[in-house]
Each structure stands twice: as structure tokens, then as C-alpha cells.
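A.B. asks: Protein chains in written order, with my numbering: chain C, 1 to 330; chain V, 1 to 330.
Hints are computed from structural coordinates only; laboratory data are not their basis.
The structure presented is a predicted model; accordingly, all values stated were derived computationally and were not measured.
Take these hints with a grain of salt, some might be off.
If several chains are the same, the list does not tell them apart, and a pair holds so long as it fits within one copy or across any two.
To be verified - For lysine-lysine, the following DSSO-like pairs were computed, each having C-alpha atoms within a straight-line distance of at most 27 Å: (1) LYS176 <-> LYS308; (2) LYS238 <-> LYS190; (3) LYS81 <-> LYS190; (4) LYS190 <-> LYS308.
There are 2 protein chains.
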Amino acid sequence: MMRIALDAMGSDGAPATEVAGALHALSHEAGDVTVVLVGDRARIAAELDRHAASEGDRLEIVHAAERVSPNESPAAIVRRKPGSSLVTGVGLHRRGQVDAFVSAGPTGAVMAASVFLLKRLPGVDRPAVGTLIPTTSRAHMLMLDAGANVDCRPRHLLQFALLGHVYAQDLMGRPKPRIGLLNIGSEPEKGNERTVEAYRLLSQSGLNFIGNVEGRDIIHGRCDVLVTDGFAGNVLLKFYESVAGFVIRVMDREQERIRTPLDRSTIEILDYAEYGGAPLLGVNGVSVICHGRSPPKAIGKAIGVAAKAVRSSMIGHIARYLAETAARIP
Amino acid sequence: MMRIALDAMGSDGAPATEVAGALHALSHEAGDVTVVLVGDRARIAAELDRHAASEGDRLEIVHAAERVSPNESPAAIVRRKPGSSLVTGVGLHRRGQVDAFVSAGPTGAVMAASVFLLKRLPGVDRPAVGTLIPTTSRAHMLMLDAGANVDCRPRHLLQFALLGHVYAQDLMGRPKPRIGLLNIGSEPEKGNERTVEAYRLLSQSGLNFIGNVEGRDIIHGRCDVLVTDGFAGNVLLKFYESVAGFVIRVMDREQERIRTPLDRSTIEILDYAEYGGAPLLGVNGVSVICHGRSPPKAIGKAIGVAAKAVRSSMIGHIARYLAETAARIP
Numbered sequence: 001m002m003r004i005a006l007d008a009m010g011s012d013g014a015p016a017t018e019v020a021g022a023l024h025a026l027s028h029e030a031g032d033v034t035v036v037l038v039g040d041r042a043r044i045a046a047e048l049d050r051h052a053a054s055e056g057d058r059l060e061i062v063h064a065a066e067r068v069s070p071n072e073s074p075a076a077i078v079r080r081k082p083g084s085s086l087v088t089g090v091g092l093h094r095r096g097q098v099d100a101f102v103s104a105g106p107t108g109a110v111m112a113a114s115v116f117l118l119k120r121l122p123g124v125d126r127p128a129v130g131t132l133i134p135t136t137s138r139a140h141m142l143m144l145d146a147g148a149n150v151d152c153r154p155r156h157l158l159q160f161a162l163l164g165h166v167y168a169q170d171l172m173g174r175p176k177p178r179i180g181l182l183n184i185g186s187e188p189e190k191g192n193e194r195t196v197e198a199y200r201l202l203s204q205s206g207l208n209f210i211g212n213v214e215g216r217d218i219i220h221g222r223c224d225v226l227v228t229d230g231f232a233g234n235v236l237l238k239f240y241e242s243v244a245g246f247v248i249r250v251m252d253r254e255q256e257r258i259r260t261p262l263d264r265s266t267i268e269i270l271d272y273a274e275y276g277g278a279p280l281l282g283v284n285g286v287s288v289i290c291h292g293r294s295p296p297k298a299i300g301k302a303i304g305v306a307a308k309a310v311r312s313s314m315i316g317h318i319a320r321y322l323a324e325t326a327a328r329i330p
Numbered sequence: 001m002m003r004i005a006l007d008a009m010g011s012d013g014a015p016a017t018e019v020a021g022a023l024h025a026l027s028h029e030a031g032d033v034t035v036v037l038v039g040d041r042a043r044i045a046a047e048l049d050r051h052a053a054s055e056g057d058r059l060e061i062v063h064a065a066e067r068v069s070p071n072e073s074p075a076a077i078v079r080r081k082p083g084s085s086l087v088t089g090v091g092l093h094r095r096g097q098v099d100a101f102v103s104a105g106p107t108g109a110v111m112a113a114s115v116f117l118l119k120r121l122p123g124v125d126r127p128a129v130g131t132l133i134p135t136t137s138r139a140h141m142l143m144l145d146a147g148a149n150v151d152c153r154p155r156h157l158l159q160f161a162l163l164g165h166v167y168a169q170d171l172m173g174r175p176k177p178r179i180g181l182l183n184i185g186s187e188p189e190k191g192n193e194r195t196v197e198a199y200r201l202l203s204q205s206g207l208n209f210i211g212n213v214e215g216r217d218i219i220h221g222r223c224d225v226l227v228t229d230g231f232a233g234n235v236l237l238k239f240y241e242s243v244a245g246f247v248i249r250v251m252d253r254e255q256e257r258i259r260t261p262l263d264r265s266t267i268e269i270l271d272y273a274e275y276g277g278a279p280l281l282g283v284n285g286v287s288v289i290c291h292g293r294s295p296p297k298a299i300g301k302a303i304g305v306a307a308k309a310v311r312s313s314m315i316g317h318i319a320r321y322l323a324e325t326a327a328r329i330p
């Protein structure tokens with residue numbers, strides 16, 4: 001049995017998108033998964049009616065009257081909006097009433113509430129947002145941090161690598177994840193002071209560190225886990241999404257013009273919409289953040305990511321791995 | 001009359017690529033432009049023979065026996081390789097024997113030689129590499145710094161903006177260039193300490209500052225000049241190039257499969273190869289850096305960029321603008 005709380009009021013299309021996403025997830029997940037929809041009970045119930053679904057064995061509603069809006073200060077969210085769907089959902093996880101939390105609400109607020117209520121794991125100075133980046137090899141790459149930490153020290157980058165290592169093992173099926181450091185040259189001395197020192201730490205970490213990865217290598221997926229500060233990570237991620245969207249629109253138009261279906265599978269692997277859910281790694285719980293513009297399928301996939309993290313005992317593995325590493329690297 | 005020195009031994013395909021590029025430029029430029037090919041005289045002459053061209057009114061050779069290789073330390077290049085085509089070419093410019101210098105040699109070495117020999121303009125702490133980024137609006141955007149300065153202070157970002165402002169006016173035909181600051185959110189307080197302070201400086205600069213520009217805005221060309229540190233700038237640039245190349249290869253294959261020509265003009269605007277030449281801005285001279293893998297057309301375009309910079313008196317404008325700004329912003 002596993003219970004996953006879904007912030008039903010998070011996305012731009014809430015709660016319709018979330019309800020559809022929950023149903024999508026339930027149709028794909030094993031029967032032991034229950035989704036707990038957190039938000040305005042009447043609106044959620046009305047959406048369930050539209051789908052001719054109901055609260056049943058695998059779907060519950062926990063009422064939360066308020067909603068977090070994008071322009072609220074994340075830092076104060078737990079204190080100022082305790083009755084919001086977001087804070088209520090994280091609270092359920094903190095109290096052990098659910099095993100994981102998923103939200104398409106404002107990233108900063110999801111992070112702040114998760115860090116504040118679930119707490120950081122020992123050995124983690126700064127939890128990081130991981131994002132699955134599609135690559136031309138059709139295997140994804142986990143990039144972290146994707147925007148939570150705009151200024152990072154070398155030891156934060158090392159911690160990101162440790163977190164990503166376990167994630168890649170448990171959720172991506174990579175037994176010996178290749179760790180890369182995002183940099184502007186391939187040699188160890190390239191980049192800035194931060195990357196040079198991070199390179200040194202990663203080399204001594206016992207991780208399968210493959211060295212620096214340049215911007216041009218990203219799309220080819222040279223590594224399984226790409227470590228970066230949140231500034232470059234976020235710029236890259238948002239740019240990636242916009243380019244993928246642009247290319248797909250161009251191909252749509254072209255297909256219409258020549259009245260011939262194009263094989264767009266190679267391009268569509270670049271499209272983020274297929275890949276729901278950025279895990280917040282380093283907190284004592286499973287918290288998965290979705291894009292505010294997520295379609296239902298992306299929400300469904302994020303619930304799948306959360307389920308997989310629970311099923312694989314990822315949090316326990318991370319905690320153990322961090323403790324082992326701390327004993328090895330002073 | 002204008003003389004432009006071209007490092008004939010810089011690119012991966014040197015000197016064939018450079019000779020073809022020079023001929024390409026001469027066929028497009030006005031008759032007042034002379035290209036001075038700097039490098040191995042015999043090899044350059046042999047290439048000219050292949051094109052049935054010769055040293056004539058608009059083409060000269062200056063012999064330089066050595067060549068800078070990519071793994072040499074840029075810092076020591078002037079001292080250690082004074083006889084290289086690269087250092088010889090910059091030297092011609094320093095002594096006023098040519099009006100501009102173009103090279104597809106190692107970026108760091110071109111920069112180091114240019115800064116060392118041409119010197120920085122007053123008011124410039126760190127010269128920056130500007131790159132023209134194609135956008136879906138079909139107008140290019142100048143991004144700087146594209147990799148010269150991996151750690152930047154806010155005042156460096158302001159200086160990049162001032163340099164970019166004049167470049168956009170003189171070379172891109174934008175009378176009132178829109179300046180954007182690359183950041184991970186749109187509000188002034190977003191980003192890190194550096195971007196928050198840079199935002200403040202730019203707001204007070206008298207420039208047409210439009211605020212923060214996010215990764216997702218880049219492809220749509222929301223500004224004319226995008227200011228960033230060289231780390232994020234370089235990662236972005238290299239990623240951009242690789243994605244464009246990937247998409248074009250996919251469309252090539254698709255075109256062959258369906259045996260129908262696709263209109264690729266919209267995609268091809270993303271391809272860097274069309275856009276030759278990244279100006280090194282902030283030195284007392286015109287120095288244009290090309291990609292090591294540049295095709296002849298890109299070299300030709302870079303010579304065109306250099307010619308335009310000379311013709312518009314860009315260096316004088318930059319010097320005057322920096323002096324005016326220094327008087328206004330203490």
C-alpha cells in the first residue's frame with residue numbers, strides 16, 4: 001500500500017489537470033497506489049463527476065480551502081498559507097499520512113514547504129531540484145540543480161552528485177551512473193574556481209565521475225547525472241524547453257503544408273511535456289515538482305516518479321549513501 | 001581603403017578554409033577591402049592557385065611560419081609564439097598596418113593576444129566575446145560574454161551592456177538597442193547577488209534596459225543585446241549550436257525518407273554556421289573570432305563583420321560612449 005498526495009490546486013489548469021493526471025496515473029500504476037487529492041473538495045468532486053469517476057478505493061480527497069499563488073514569497077508560505085493545498089499536502093507527508101507529495105504549484109513554494117516541513121537529510125546543505133533532460137540517445141539524463149540554488153559552493157555540487165547517483169540507480173536503472181560536471185571546457189582546470197574545486201572533490205568521491213561535460217555534449221547524453229549550479233541549470237532547462245517547443249511547432253506547420261506525415265519521434269524526445277516531475281532531492285521525503293503548465297499526462301508521470309521513489313526506498317538509500325560518503329570523505 | 005588581416009592558419013581546415021573564406025568575402029565586399037592572409041606563404045599560394053586566384057590588388061600574403069595549437073596556454077602565447085600567424089596578425093593591427101584582425105584559431109589565444117597587444121579601452125575591465133544568436137524573429141541577438149570571463153562582477157556585466165549597445169547600433173542597425181540581463185526569473189530581485197546588483201546598475205545606466213530575460217525568452221529574441229557571465233553564456237551557446245545541428249540532421253533524414261523537400265528556412269536560422277564571427281569587444285581594435293570548425297562562408301562573413309566595424313568607426317564610438325558613461329555613472 002502506498003499513498004501519494006497530489007496538490008490538486010497547483011497547475012495553471014487546476015484542478016481539472018490534476019484530476020485527469022491522477023486518473024491517468026491510476027490507470028498506469030499498480031493497484032497498491034492511492035492518490036490523495038488535496039484542495040477544494042467541491043471543485044475536485046465536480047471534476048471527478050465529469051470523468052464519471054468517484055472517490056473510491058484508490059482516490060481520496062483532503063479538503064484545503066486556500067491556494068498558493070505564484071507571486072507569494074516562498075519563504076513565508078508555511079506560516080502564511082497553512083491552509084493551502086500545497087502546505088496541507090506536504091504536512092500530510094510530514095506526519096506520515098502519505099508516502100510522497102506531488103505538486104505543480106510554484107517551484108519556490110513547493111521547495112520551501114518541503115525543506116521546512118520534511119527537513120534536510122543529514123549531509124545535505126542544500127536540497128536540489130533534479131530534472132530529467134531528454135537526450136538523442138533516448139535515455140534521459142538527470143540534471144541537478146535545475147534552479148533551487150543560484151549560488152553554489154563546490155561541496156554543494158558534490159552533494160548534488162551524491163543525490164543524483166542514488167536517484168539514477170533507483171529510478172533510472174543505471175547501476176553505475178556516470179556523473180558529469182557542467183563546464184565550459186573538458187580539461188580539469190577549465191571553468192571557474194568553483195568548477196575546478198568541484199572537479200577535484202568529484203574525482204576523490206568514489207563516484208563514477210567522467211569529468212567535465214560541455215554545453216555541446218548535453219543533447220548527446222554523455223552522462224547519466226549532470227551536476228551544475230542552479231543558475232546555469234535553470235537557464236539551460238528553460239532554453240531547452242523553448243527550443244523543443246519551437247521545433248515541434250515548425251514541424252507541425254511543415255506537415256500540414258506538404259500534407260505528408262513526418263516522423264517526429266526523434267524530435268519529440270526533446271519535448272519536456274512527456275517527462276513529468278522534477279524530484280526535490282536531499283529532503284527527508286519524496287517531493288516531486290511539476291511544471292505549472294503541465295498537461296495531465298505529465299502530472300500522471302510525476303505521480304509515477306513518486307511511486308517509483310517510494311517503491312525503491314530511495315530516501316533510505318540516499319540517507320545511507322550520504323552517511324557512508326561522509327565517513328569516507330571528511 | 002581598408003585592410004583586414006586574416007589568420008590563415010587558424011581553423012581546423014586551414015589554410016584551405018581561410019583562403020576560400022577570403023575569396024568569398026572579396027566577392028561580397030566593396031572594392032575598398034583588402035584581405036591580408038597571414039600564414040605559411042607556400043601553402044597559402046598553393047591554395048590560391050587551386051582557386052585560380054592570385055595575390056592581387058585586394059589580396060596579400062604576410063608570411064608567418066608557426067601556428068598556434070589548441071592546447072597551448074593562451075596566457076603565454078605572445079611571448080612563446082611571436083612568429084605564429086595569430087600573433088603576427090594581431091601585431092599588424094597593433095602597428096596600424098591593418099584595420100582589423102580575424103582568426104578561427106583557439107579562442108583563448110586570440111583573446112589573449114588581442115588584449116595584450118591591442119590593449120583594453122579605458123573603462124573596460126574585461127573585454128568580452130560577443131556572439132550573434134539567431135532568433136525565431138529572424139533578427140539576431142548579440143549575447144555577451146560568450147566565454148571569455150567565467151567569473152563576473154556586476155560592473156563587468158554593466159560594461160558588457162555598454163559595449164553591446166554600441167555594437168548593436170553600429171553593426172546590427174538597432175538605433176535604440178534593447179538590453180536584457182540573462183536571469184532565472186523576470187522580477188528584479190530574482191537570481192543571485194550578482195544579477196540583482198547588475199539589474200540595479202543597468203536600470204541606472206541610461207541604456208534601454210528591458211529587464212531580466214529568461215532561458216525561455218532567448219529563442220524569441222526579446223532583446224537585442226543579452227548580457228551574461230561567460231560561464232552561462234558559453235554553456236548556452238554550445239548547447240544551442242548542438243541542438244541546431246541535431247535538428248537539421250533529423251530534417252535531412254526525414255527529407256530523404258519522404259522524398260519531399262522540406263522548407264527548412266525556419267530551422268536553418270538556428271544554425272550557427274551561417275553566422276560567422278564573434279567580435280572581441282572592449283579592446284582598442286577590431287578583433288573577430290571564428291569557430292574552429294567554421295566553413296569558408298562563415299570566415300567570409302566574419303571578414304564582413306570586421307569590415308562593417310571598421311567602416312562604422314565602432315571602436316571610436318565605443319571609446320566615446322564609455323567616456324560619456326563614466327562621466328555620468330561614477
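A.B. asks: Hints first: check each against the structure and report whether it holds.
C.D. replies: Do the hints match the structure? See the list:
1. LYS176 <-> LYS308: within (18 Å within a copy, 53 Å between copies)
2. LYS238 <-> LYS190: The answer is both: 25 Å in one copy and 15 Å across copies each meet 27 Å.
3. LYS81 <-> LYS190: Classified as between; 22 Å across copies, 45 Å inside a copy.
4. LYS190 <-> LYS308: For LYS190 and LYS308, the Cα distance exceeds 27 Å both inside one copy (37 Å) and across copies (33 Å).
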